[in-house]
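Colleague: Sequences listed follow chains A and B, in order.
Per our numbering, residue 1 is the first one in the first sequence, and the count goes up by one each step.
Per our numbering, residue 1 is the first one in the second sequence, and the count goes up by one each step.
Just so you know, the hints here were simulated from the structure itself, not pulled from any lab data.
All C-beta atoms in this analysis are idealised placements derived from N, C-alpha and C, irrespective of residue type, glycine included.
Careful: at least some of the hints might be erroneous.
[Stated by the list, open to error] Have a look at the derived ranges for each label pair, beta carbon to beta carbon: (1) B:R52 - A:P277: 49 to 57 Å; (2) A:A103 - B:R127: 42 to 50 Å; (3) B:R126 - A:L7: 28 to 36 Å; (4) B:Q103 - A:A295: 48 to 56 Å; (5) B:A327 - A:A295: 47 to 55 Å; (6) B:Q103 - A:L4: 29 to 37 Å; (7) B:M338 - A:Q158: 40 to 48 Å; (8) A:V153 - B:G305: 39 to 47 Å; (9) A:R283 - B:V184: 55 to 63 Å; (10) B:R126 - A:L49: 38 to 46 Å; (11) B:Q103 - A:D137: 14 to 22 Å; (12) A:V153 - B:A22: 39 to 47 Å; (13) A:L7 - B:A258: 34 to 42 Å.
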Amino acid sequence: MEELILLGHGSGGGLSHELIENVFAASFANPLLLPLEDASLFPSPGERLAFTTDSYVVQPLFFPGGDIGRLAICGTVNDLSMRGAAPLYLSASFIIEEGLPVADLKRVVFSMAEAAAEAGVQIVCGDTKVVERGAADRLFITTSGIGVVRDGVDVSAQNARAGDAVILSGTIGDHGITILSQREGMQFRSGLESDAAPLNGLVAAMLAESTGVRAMRDPTRGGLATTLNEIAGSSHAGIEIEEGKIPVSEGVEWACEMLGLDPLYLANEGKLVAIVPAEDADRIVKAMRSTRYGANAVLIGRVTDEHPGRVILRTRFGIKRIIDVLASDQFPRIC
Amino acid sequence: MRVTESFRSPELVEKLKERIAAISRTPIRIMEFCGTHTHAVCRYGIREMVPRTVEMLSGPGCPVCVTDVRSLDYAMALSMVPGAIIATFGDLLKIPGSRGTLQHARARGARVEMVYSPLDALKLARRNPGNSIIFLGIGFETTAPTVAASIVQAEKEEIKNFYVYSMHKITPPAMRAILDAGEVALGGILCPGHVSTVTGWKAWQFLSDVYHIPSAVAGFEPVDVLLAVAELVEQHERGTARVVNAYPRSVTAEGNRAARETMARVFDVGPAPWRGLGTIPDSGLSINEEYAAFDAEKRFPVDPGETIEPKGCHCGEVIRGVMTPGACPLFRKSCTPMNPIGPCMVSSEGTCAAYYLYG
Numbered sequence: 001m002e003e004l005i006l007l008g009h010g011s012g013g014g015l016s017h018e019l020i021e022n023v024f025a026a027s028f029a030n031p032l033l034l035p036l037e038d039a040s041l042f043p044s045p046g047e048r049l050a051f052t053t054d055s056y057v058v059q060p061l062f063f064p065g066g067d068i069g070r071l072a073i074c075g076t077v078n079d080l081s082m083r084g085a086a087p088l089y090l091s092a093s094f095i096i097e098e099g100l101p102v103a104d105l106k107r108v109v110f111s112m113a114e115a116a117a118e119a120g121v122q123i124v125c126g127d128t129k130v131v132e133r134g135a136a137d138r139l140f141i142t143t144s145g146i147g148v149v150r151d152g153v154d155v156s157a158q159n160a161r162a163g164d165a166v167i168l169s170g171t172i173g174d175h176g177i178t179i180l181s182q183r184e185g186m187q188f189r190s191g192l193e194s195d196a197a198p199l200n201g202l203v204a205a206m207l208a209e210s211t212g213v214r215a216m217r218d219p220t221r222g223g224l225a226t227t228l229n230e231i232a233g234s235s236h237a238g239i240e241i242e243e244g245k246i247p248v249s250e251g252v253e254w255a256c257e258m259l260g261l262d263p264l265y266l267a268n269e270g271k272l273v274a275i276v277p278a279e280d281a282d283r284i285v286k287a288m289r290s291t292r293y294g295a296n297a298v299l300i301g302r303v304t305d306e307h308p309g310r311v312i313l314r315t316r317f318g319i320k321r322i323i324d325v326l327a328s329d330q331f332p333r334i335c
Numbered sequence: 001m002r003v004t005e006s007f008r009s010p011e012l013v014e015k016l017k018e019r020i021a022a023i024s025r026t027p028i029r030i031m032e033f034c035g036t037h038t039h040a041v042c043r044y045g046i047r048e049m050v051p052r053t054v055e056m057l058s059g060p061g062c063p064v065c066v067t068d069v070r071s072l073d074y075a076m077a078l079s080m081v082p083g084a085i086i087a088t089f090g091d092l093l094k095i096p097g098s099r100g101t102l103q104h105a106r107a108r109g110a111r112v113e114m115v116y117s118p119l120d121a122l123k124l125a126r127r128n129p130g131n132s133i134i135f136l137g138i139g140f141e142t143t144a145p146t147v148a149a150s151i152v153q154a155e156k157e158e159i160k161n162f163y164v165y166s167m168h169k170i171t172p173p174a175m176r177a178i179l180d181a182g183e184v185a186l187g188g189i190l191c192p193g194h195v196s197t198v199t200g201w202k203a204w205q206f207l208s209d210v211y212h213i214p215s216a217v218a219g220f221e222p223v224d225v226l227l228a229v230a231e232l233v234e235q236h237e238r239g240t241a242r243v244v245n246a247y248p249r250s251v252t253a254e255g256n257r258a259a260r261e262t263m264a265r266v267f268d269v270g271p272a273p274w275r276g277l278g279t280i281p282d283s284g285l286s287i288n289e290e291y292a293a294f295d296a297e298k299r300f301p302v303d304p305g306e307t308i309e310p311k312g313c314h315c316g317e318v319i320r321g322v323m324t325p326g327a328c329p330l331f332r333k334s335c336t337p338m339n340p341i342g343p344c345m346v347s348s349e350g351t352c353a354a355y356y357l358y359g
């Protein structure tokens, strides 16, 4: 009979301990976690710490290119990395709906362990709750993360200055379109896949090339357009990007055409946009291209003192238009 | 071949721009009747590509925008029917009726599901035999045939819990209404590309015969739109008034007969209320007697409540092409995509949404 998560697994008693031992501790094994104390202790890793948190409620739980677990690790690793921090320790909390197959939970947790190992981070504390059927949508995960920022590194969305270069680490729209097509059961035959990936290695390569990196953001919900607007707004600077330079995979392009969606507004889970001093741009792009997740890194635009706070796109036809933030979800055409 | 080649080729676009600039002498006002054209014209900056003599206007081409408030209220009332699951295209979720949107209804406990096609609604009906699945039918000749086909399919499979609330409309009567009203003097008409794949380009012959206006059926890529504009400008300069098919890769003279037959099998043509245009005779599609069992209006005669038009909203004038979004006092101020007052700002095919996003 298929093993299911029961309310008892969240009660704190024998079933809970079994779950923790067999599922979580088994995959997340590390010396900080394993004593299974109320808190994990470690010496302070540095002068300036970065701390972040995020919750993950994606449906479906499993999709081409990843799953909720991989997202939960990569998302938090990436948020730390976007401030120039080297990620070190993560927490992982689970709210599980009664009736979730244990096999699914194990699959998610295993994926988290894999992603954590790839990123070189440890999961050092966590929590599990089980709620009645209908009170949660299968599985919700919250991860928080601590990282350390080296001296001389100052990465902030407020730092963009006129003249700076705008770099994008790779193709956009992959995650967003994949999730959409999975959710609605569309059978696109183009092998769409989420790009979920830990970017701390990529960021380390960039910072090794130049500690002058001004700003970095990963364009998740709301897509590249929203992220660039956030940077432009925080920095009170204008940003201009070239449509022709923005890499979009053919599969994503066609899927967007069919559904009437704009890749600029689709979520990405393994990409970053960076604002760097113009004189360092070429070197940084080259360093990015030699890494696993930066192979398609490209210069896409520049920061300007014109139209502060606005993002302008120069289309392939030389027409300029304003790119605004995403108001709310995009819907495909009707007619 | 990538989408960006061929019909988005910057070289072809440049050539067409030059051609239009070379031949255009007298001012011409061109109106399009298709939400996707509105979107394409704004997205590709077509207005910036044509000389000042060419003015591009948007007409009533957005199916959501031309849906009147009372119909939306009826849909909201349907969502409160016990056991009902409303299946709708995404755009309708956010259009304000007299008392909120379908999203509000969902937050208050109504079951509202977004679907991409009526066939998805049919799937819902099969999977939820204890519920009444009500599909909100909006759209013109492009969409109505698939809705008709889903009703025919439901009958074939003896599905007893599938209903359609038809707010479908057809395009030619709206064109006639705009031209008869004479509020805007039009020199050329861009005919809707997707609608024409169903109707055939001969459906627009009345524009030549009755109104003596040149028309061109256009596709949706920049090259498509500019080709059609070039054709209209040329005819305008020569004083001719022919229908030209500038979208031959998708549109034929006769169109899709099977689609039209399916529509005729299920729907009757009758008067319909259009936001901004009032009631237009022979412009709406209602489910006929034979398929009455699938008609949500007959099965669930609900009370839509008092109709309250959104205050200060000028969507009606925008839909008729007598006001551009920029001229509306609410545009970008109290009416934005995040806080829309009327449908023109909400729908992805709405004129105001296109101007806001791309203007």
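Colleague: Each hint: holds or not?
Modeller: Hints, verified against the model:
1. Judged by the Cβ atoms, the range 49 to 57 Å given for R52 (chain B) and P277 (chain A) is violated: they are separated by roughly 42 Å.
2. Range check, A103 (chain A) to R127 (chain B): about 25 Å between beta-carbon atoms, so the 42 to 50 Å window is missed.
3. The hinted range of 28 to 36 Å is satisfied by R126 (chain B) and L7 (chain A), whose Cβ atoms lie roughly 32 Å apart.
4. Separated by about 41 Å at the C-beta atoms, Q103 (chain B) and A295 (chain A) break the suggested range of 48 to 56 Å.
5. Between A327 (chain B) and A295 (chain A) the beta carbon distance is about 49 Å. The supplied range of 47 to 55 Å therefore holds.
6. The hinted window of 29 to 37 Å between Q103 (chain B) and L4 (chain A) holds, with their beta carbons roughly 33 Å apart.
7. Between M338 (chain B) and Q158 (chain A) the Cβ separation comes to about 24 Å, which falls outside the hinted range of 40 to 48 Å.
8. Judged by the Cβ atoms, the range 39 to 47 Å given for V153 (chain A) and G305 (chain B) is violated: they are separated by roughly 60 Å.
9. The given range of 55 to 63 Å is respected by R283 (chain A) and V184 (chain B), whose C-beta atoms sit roughly 57 Å from each other.
10. The hint said 38 to 46 Å for the Cβ distance between R126 (chain B) and L49 (chain A), and at roughly 55 Å that hint is violated.
11. Distance hint for Q103 (chain B) and D137 (chain A): a CB-CB separation of about 18 Å, consistent with the stated range 14 to 22 Å.
12. Between V153 (chain A) and A22 (chain B), the C-beta spacing of about 57 Å breaks the proposed range 39 to 47 Å.
13. In this structure the hint that L7 (chain A) and A258 (chain B) lie 34 to 42 Å apart at CB is violated, the actual value being about 55 Å.
Checked against the numbered hints given earlier, this structure breaks hints 1, 2, 4, 7, 8, 10, 12, 13; the rest are met.
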